[in-house]
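Chemist: Taking my numbering, the leading residue of the sequence shown gets 487, the next gets one more, and so forth.
Be careful, since some hints might not be right.
As the list claims (entries may be wrong) - Simulated pairs of lysine to any residue, SDA-like, Cα-Cα distance not exceeding 25 Å:
| # | residue 1 | residue 2 |
| --- | --- | --- |
| 1 | LYS606 | ARG548 |
| 2 | LYS489 | GLY843 |
| 3 | LYS847 | ARG541 |
| 4 | LYS510 | ARG543 |
| 5 | LYS736 | ILE534 |
| 6 | LYS847 | GLN642 |
| 7 | LYS606 | PHE713 |
| 8 | LYS528 | ARG543 |
| 9 | LYS535 | PHE633 |
| 10 | LYS535 | PHE713 |
Unchecked claim - Here are the in silico distance ranges between beta carbons for each label pair:
| # | residue 1 | residue 2 | range |
| --- | --- | --- | --- |
| 11 | THR586 | LYS629 | 15 to 23 Å |
| 12 | LYS723 | PHE551 | 31 to 39 Å |
| 13 | LYS854 | SER788 | 43 to 51 Å |
| 14 | ARG819 | ILE608 | 42 to 50 Å |
| 15 | VAL676 | LYS723 | 19 to 27 Å |
| 16 | LYS562 | GLU687 | 39 to 47 Å |
FYI, nobody ran anything at the bench for these hints, they're computed from the structure. On a predicted model such as this, the values are computed, not experimentally measured, just so you know. Each residue gets a CB set at the ideal place from its N, CA and C atoms; glycine is no exception.
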Amino acid sequence: MKKICHITTAHPPITTRIFYKELKTLAGAGYDVTIIAPHTKKETIGGIKIVPLTRSRSRFYRIFFLTRKAYKLAIKEKAAVYHFHDPELLPWVIRLKKKTGAKIIYDVHEDYPRQILAKKWIPSILRGSMARFFNFYEKRAAKKLDFIITVGEDVQERLRTANPKIDTVKNFSLTENFNIKRKQAKKNGVFNLIYVGGLAEARGITQIVQAMEHLSDNVRLMLLGKFFSDTYEETVKSLKGFKKAKHFGKIPFERIPDYLFQAHIGIICLWPTESYYRSVEPTKLFEYMSAGLPIIASNFPSWQKIVEENKCGICVDPLKPKEIAGAVERLIRHPEEMKRMGENSRKLVMEKYNWQGEGKKLLAIYEKLTS
487 MKKICHITTA HPPITTRIFY KELKTLAGAG YDVTIIAPHT KKETIGGIKI VPLTRSRSRF
547 YRIFFLTRKA YKLAIKEKAA VYHFHDPELL PWVIRLKKKT GAKIIYDVHE DYPRQILAKK
607 WIPSILRGSM ARFFNFYEKR AAKKLDFIIT VGEDVQERLR TANPKIDTVK NFSLTENFNI
667 KRKQAKKNGV FNLIYVGGLA EARGITQIVQ AMEHLSDNVR LMLLGKFFSD TYEETVKSLK
727 GFKKAKHFGK IPFERIPDYL FQAHIGIICL WPTESYYRSV EPTKLFEYMS AGLPIIASNF
787 PSWQKIVEEN KCGICVDPLK PKEIAGAVER LIRHPEEMKR MGENSRKLVM EKYNWQGEGK
847 KLLAIYEKLT S
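Build out the structure end to end from the sequences listed, making use of the hints.
Modeler: See the structure below:
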């Protein structure tokens, strides 16, 4: 049994992509799987061993101290393959490769140079030069790695020039979690919109809640996720439209389908920022589709190809609450169209946008590296 070790300093061990998709797929294929991640204790869940890191006290502590601790723990694992998830670990995994001779996989979740351009905590005068420097450094480090996994084609093309051993493993949905028959619309005439994910300004939460002001009283908004700050939570909850919304907080991954099955429309109206506009499609889009929901989404070109070209929903300007409300009204006024869009969503995920296919790609990568 080949031993593999995933490493992250920025994510908890139990996340949708890392734990439920990648680690469970690898463990199910017979690999001996360990993850080093911020956690409270050493334990084994579903056959996956968790080696805990101290939870980071600050961004500075995580980048300059927690990474070194992760490196020391990784050496002790003596794995055949180390699979890491955070760019701050790049210098340490290169050192790890020299010391152990193991194979190294870099899992690139985001286009980090573009993300740097959108980071408000970085002084605006420094963002451009920092983004260019990181782009240079990431490509240089990538040459020394055994394989690179990305979640989208844009990042793949950017890094391919540095290392041709690269492929996409996308964040498509785990369809087996959505095999329960969808509940029918409630007879009391209430229509539920749902948003699942982090609740931040750039994720369009303000505009979604403001859209509720323009909708009738039989429309409700379900918000699943954690607010990024107490200040922003107060701002959102002070909006008039929040009277028709309910915040459920952060929900465990296994329970998300239960809430999606209570909804009629899935909504995702991220702002057209540099990091979102050109980024890969978010996991929540495919989760909505897996639950058979019609979608209201931002009018980004890559999203329009999925949502509108496949007749799964309506794309809108995410900065215009009235336009968002208009899309909701259109679906409510045309229940047959709404039903067909939901059916198209479910069919498309079952045929194309599902994790089963991506999981096979992941296993093929590991088979090549460990054979």
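Chemist: If a hint holds in the structure, say so; if it does not, say that too.
Modeler: How the hints compare with the structure:
1. LYS606 to ARG548: Holds: LYS606 and ARG548 sit about 18 Å apart, inside 25 Å.
2. LYS489 to GLY843: Holds: LYS489 and GLY843 sit about 23 Å apart, inside 25 Å.
3. LYS847 to ARG541: 32 Å, violated
4. LYS510 to ARG543: 29 Å, violated
5. LYS736 to ILE534: 23 Å, holds
6. LYS847 to GLN642: 15 Å, holds
7. LYS606 to PHE713: 17 Å, holds
8. LYS528 to ARG543: 19 Å, holds
9. LYS535 to PHE633: 23 Å, holds
10. LYS535 to PHE713: Given that 25 Å is the threshold and the Cα spacing comes to 30 Å, the pair is violated.
11. THR586 to LYS629: 15 to 23 Å: 19 Å, holds
12. LYS723 to PHE551: 31 to 39 Å: Holds, since LYS723 and PHE551 (Cβ atoms, about 36 Å apart) stay within the stated range.
13. LYS854 to SER788: 43 to 51 Å: Roughly 29 Å apart at Cβ, these two residues miss the hinted range, so it is violated.
14. ARG819 to ILE608: 42 to 50 Å: 45 Å, holds
15. VAL676 to LYS723: 19 to 27 Å: Holds, at about 21 Å.
16. LYS562 to GLU687: 39 to 47 Å: 42 Å, holds
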